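A.B. asks: Those protein sequences? They're chains A and Y, same order as listed. Heads up, the first sequence stops at 672 in numbering that gives the first Met the number 0, and the numbers go up one at a time, no gaps. Heads up, the second sequence stops at 672 in numbering that gives the first Met the number 0, and the numbers go up one at a time, no gaps.
Quick caveat, the hints were computed from the structure, so don't treat them as lab data. Every value quoted in this text rests on a predicted model; they were computed, and no experiment measured them. A portion of the hints provided could be inaccurate.
If several chains are the same, the list does not tell them apart, and a pair holds so long as it fits within one copy or across any two.
For lysine to aspartate or glutamate, the following DMTMM-like pairs were computed, each having C-alpha atoms within a straight-line distance of at most 20 Å [stated by the list, open to error]:
| # | residue 1 | residue 2 |
| --- | --- | --- |
| 1 | Lys144 | Glu375 |
| 2 | Lys346 | Asp507 |
| 3 | Lys334 | Asp529 |
| 4 | Lys346 | Asp378 |
Number of protein chains: 2
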Amino acid sequence: MGTVNSETGEERKYSVEELREAAVELRAYDLLSIFAAGSGHPGGTLSIMDVAAALYLHEARHDPKNSTWPDRDRVFWSAGHKAPALYVCLAKSGYFPMEDVLTLRRLDSRCQGHPHWLKCDGVEISSGSLGQGLSVAVGSALAAKLDGRSNRVYCIMGDGEQQEGSIWEAAMSAAQFALDQLVGIVDCNQLQIDGWVRDVMSVDPLHRKYEAFGWHVIEIDGHDIEQILDAFAHARAVKGQPTVILAHTVKGKGVSFMENVAKWHGVAPKKREELDQGLNDIMGENVWSKEEVDRLLDIARKYEEDIRPQVEAEVPKFSRDYWWNSGERMRVEMKPTRFGFGEAMAKIGSDPRIVTIHADISDSIRITDFEKAHPERRDRVISVGIAEQNMMTVAAGLAKEGKIPVAGTYGVFASGRPWDQLRTTVCYSNLNVKIAGAHGGVSVGADGATHQALEEITLMTILPNMHVVVPADAPETAKAAEAIILQVVGPGYVRYAREATPIVTKADTPFVFGRANVIRFRAEADDFLDAFQTVLASEYKSEDEDVTIIACGPMVPEAMRAAYILHQEHGLQARIVNMHTVKPMDEEAITRAIEETGLVVTAEEHQVGGFGNLVAGVAARTKNYSTPFVMGMVGVADRFGESGSPWDLMKKFGLCAEHIAEKVKGLLDQKGR
Amino acid sequence: MGTVNSETGEERKYSVEELREAAVELRAYDLLSIFAAGSGHPGGTLSIMDVAAALYLHEARHDPKNSTWPDRDRVFWSAGHKAPALYVCLAKSGYFPMEDVLTLRRLDSRCQGHPHWLKCDGVEISSGSLGQGLSVAVGSALAAKLDGRSNRVYCIMGDGEQQEGSIWEAAMSAAQFALDQLVGIVDCNQLQIDGWVRDVMSVDPLHRKYEAFGWHVIEIDGHDIEQILDAFAHARAVKGQPTVILAHTVKGKGVSFMENVAKWHGVAPKKREELDQGLNDIMGENVWSKEEVDRLLDIARKYEEDIRPQVEAEVPKFSRDYWWNSGERMRVEMKPTRFGFGEAMAKIGSDPRIVTIHADISDSIRITDFEKAHPERRDRVISVGIAEQNMMTVAAGLAKEGKIPVAGTYGVFASGRPWDQLRTTVCYSNLNVKIAGAHGGVSVGADGATHQALEEITLMTILPNMHVVVPADAPETAKAAEAIILQVVGPGYVRYAREATPIVTKADTPFVFGRANVIRFRAEADDFLDAFQTVLASEYKSEDEDVTIIACGPMVPEAMRAAYILHQEHGLQARIVNMHTVKPMDEEAITRAIEETGLVVTAEEHQVGGFGNLVAGVAARTKNYSTPFVMGMVGVADRFGESGSPWDLMKKFGLCAEHIAEKVKGLLDQKGR
């Protein structure tokens, strides 16, 4: 029926022709919003658009003015990366103005990189970690049964997503519960990040899988509006079992250069010519004028300008600007730590024991550097698809036979999704499995909360037998990865990040697994790196500094900059402890810091205390200190991340040098009192 | 081929008739070992025995004198609860003496409740958390391919286990990798803990599922030796795809009163008459004499006697015995905290919003008390089978629609297995999902490490929006469960335990969610409970005690007994803080304890620091104290649990009042110095 006024019962149901026209408009806004965001997922949003338009504007009964209407049909987007398609459908339905989609992936936008139901009216559930939505839909349908409601429940999934085992748990239960009000929709566009689904991890024959799991299966051309509407009608007639619609689609549908090209899964068009070409392809002769496109893009620019003062207000101010590369001196080179991981994989990959495991996210986390220039290593590359539980237990099987498997994906999916597998099969069995946990921290940026790992240090350090490194920069990541893969025997986890961060170590900077470094600011220099001295903590002689800042990962450069600020602004001396090995932790470096400086501040790009409480625990358990000590912690304040640019998020979440320096100064002032 | 001497190539392959005889002997030892242990899983060990005997004694090539022979065939037991069947097969093959199986489930035995490959020669992988073994087998088969080995890989699973999504991830990948050396074996005995598989969560038609996932399927009578051997031979001939053998069996096969009865899944025969009847049913006229059975059972008794002094040596000694109910006075009633959870569910279940979700483990965790005496609530009971990820996301869907779902299973499977679901769909979405995490701690006992949850406090407290309670005894568990289910709005986790522990609170003992209690020992009494006074921490006036012991869960009674010991032995005064709410934590109770007593010892039945470091973090972040403070922690020392009796494990892992008292005394002595 499409949208309904739940008070009057008045309905607005698009005709086939209107739906075709709407799909054109929605694709145009979708592409434009992703272009304006500078990141996002065009491929899978363009492929699902006809189905989504038919669902929101014709089939599903929902009321944009009363989004919690109990009798509404529910639409769950399990494939959260299709968010822009969801947003344009909601806007077109009337939940909010269409032009709001131009704020996609920006700080505080309702249009988060992956949908968040607490931020955006009309979104039924937050999603982004694949394979969870169908279960939510099952729960929602069960609630409808309990409450005697006759609303229908839809769930939109990707075909690559069918690789997640949790999908099959949900599928099995939906059949067991005979949920005939439930309709699963699979956007079968045949491509996922790493390539063709059939190559990454074939889900075929999908119709036979669903049939064997007790579902009624309908296969359609997912770009044929009439077939789509017929399928929905057909599904309504099925009784006693759930229905799945396998919508065969073209990834990137409507944009000539995107169709059936895997790279456009999660990459935004960057050039205006690409956008213009895309809009032309989609809209044909009705394409927006250049002025109209400019006007629309200006909405994003304006939004960004508006939030700028709010972001900057989050950063403590000093007598001058100490931001990275803001002045002529103290220059620093920026490089993502993930590049360091890739370099290590390229270097040590000649060891024939090393096998890498991909879970669809491989190139962006640089694990592919293992084989890129080494075709002879390709038989040691295993793809398991989007199936992280299988990933870690397959790794266990390989390790058991003497291999050194390196399994990599984003940190959330590398630590939390397969946690029980890591506990029982990897750590309890003490197997030599190495885990590359990429995209740690809020600095992941626009993808938003679901993809910003903020809990892995905690999840991994609590596991017996696990070793954990959180290196400070790209060069140190290369060293740490090599150490944890080749030197450590047993389970190991390396946490690294997405965004370019300052290079603060050199080839000859000491790195000993399990032993911290001390870093000291000496004097301003042309190169930031030359302003500091680094030694092994065990070899450092106390200079009775005013404070110790204990940090890990890309918070080490921030701690260094904080030391610089504290020195220049207040004449204070700070000892920086680079605790690159988080488990086992260098306890002596901590207890010496407490005894010798009396004030310790920890810094982590993580839920606060995940790292800091480990330090506090060492401090507290270490018997007698001659004087009371004071401690402070900088980190994420027990909350989830959000979309935004990486550095804006660091500012908003209080993770910059300026925040550390302010925290130190405040504690020193208190201590002095 | 059966067993092989890998040096000489000599083989020993049982004939059909020999296998039939061996299966009788193996079933007898299996039953006897479970009887001797007093717990274990007879049903599924008896059903798989013919297949297992045929595999170990005829089909698989392995060398008991060279268990790491690279060319051996691998047998992975994914269904770890079938461990006794595995042990008798290994013993019969010659890995160790058969009579060792009589030490099943006892402290330090090679025969852990669930198999541990680092403890028992011939075990290929540690297992016990279902759904992981097939992936390990895939990894092992991939390694064989890489190394050019032609060994075969077998994986034994249960039919209920097919409910785990991770099985289908593994199945999909085995087909993708064309692993024709891989043979899955499903023991289709049609029963799981909660009842018939078809009722709990049907996996039928299983052959069509495996076919749709690209496997070759063979169905056999799993008790017909010839069919079993034919199936293995048939599987060897299959090329280009993995094979699964669906072995249709009878649960409890061979023991008249166990056959097809669900309750015998995980319950040992307790009466000697049951054992004798079972042995008679299995062995017929060749049944062991009473004397022989006595002799065999004496092996278990003797083993227990031998370890007794070792266990007792782990407990610090005082001038007299302070153990629970060891004297005439200070008597205490014992009751498992899980009973308190059940009482709460029975009481508050009339709230129509409450829906419970079972994941096959329901009766033992007492969640079934919700509906036991209330048939009218049964439509609010949902069974999802062994599928914890689906469990939590179905719960999310229910919560979204206004229900209060209570999802319960063992703590490991309630926190770690669905962690990503709890993070993204429950906590990020801030949904009103309640989790009953049963069987927390090593006091779970004989089931062993895989089933002893020691990490949940950490896993749950790191999640934003989550609330966590760890109540001290059964009555407090009832109060805490009610509070977290009805009073808290948002995600909540209640951790409780299996074993009976002292009742140390009364109906009128204060319980306020989020606010700690202070407990003080006053004077010896007939009832332990009457020897103590309990008030809200915020209402407590300092008595300048010598130490504060901050504890949660069943460590609170131990802390109380420690206070009693410290008073009687050393005249020391201890403040006990019962931190039943672990998130949000009562920070004032901590900082006051530090300021007022100067010495804090934390006590947790958990990986040490999971709770203690949270306290240390609060302590450290709390600015200035007038004097240095000293802190100590009692907990599990960063290691996994093991099998044994609950209280023996508490002793061995250093979790008793005596350990706390000793730790306090030691720190006080140091502090005094």
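A.B. asks: Could you run down the list of hints and mark each one as holding or not?
C.D. replies: Do the hints match the structure? See the list:
1. Lys144 x Glu375: between (57 Å within a copy, 16 Å between copies)
2. Lys346 x Asp507: Answer is within: at 17 Å inside a copy they meet the 20 Å cutoff, but 66 Å across does not.
3. Lys334 x Asp529: Within. Shortest intra-copy distance 17 Å satisfies the 20 Å Cα cut-off; inter-copy 65 Å does not.
4. Lys346 x Asp378: Intra 17 Å, inter 60 Å, cutoff 20 Å: intra-copy only.
Consistency note: the structure conflicts with none of the earlier hints.
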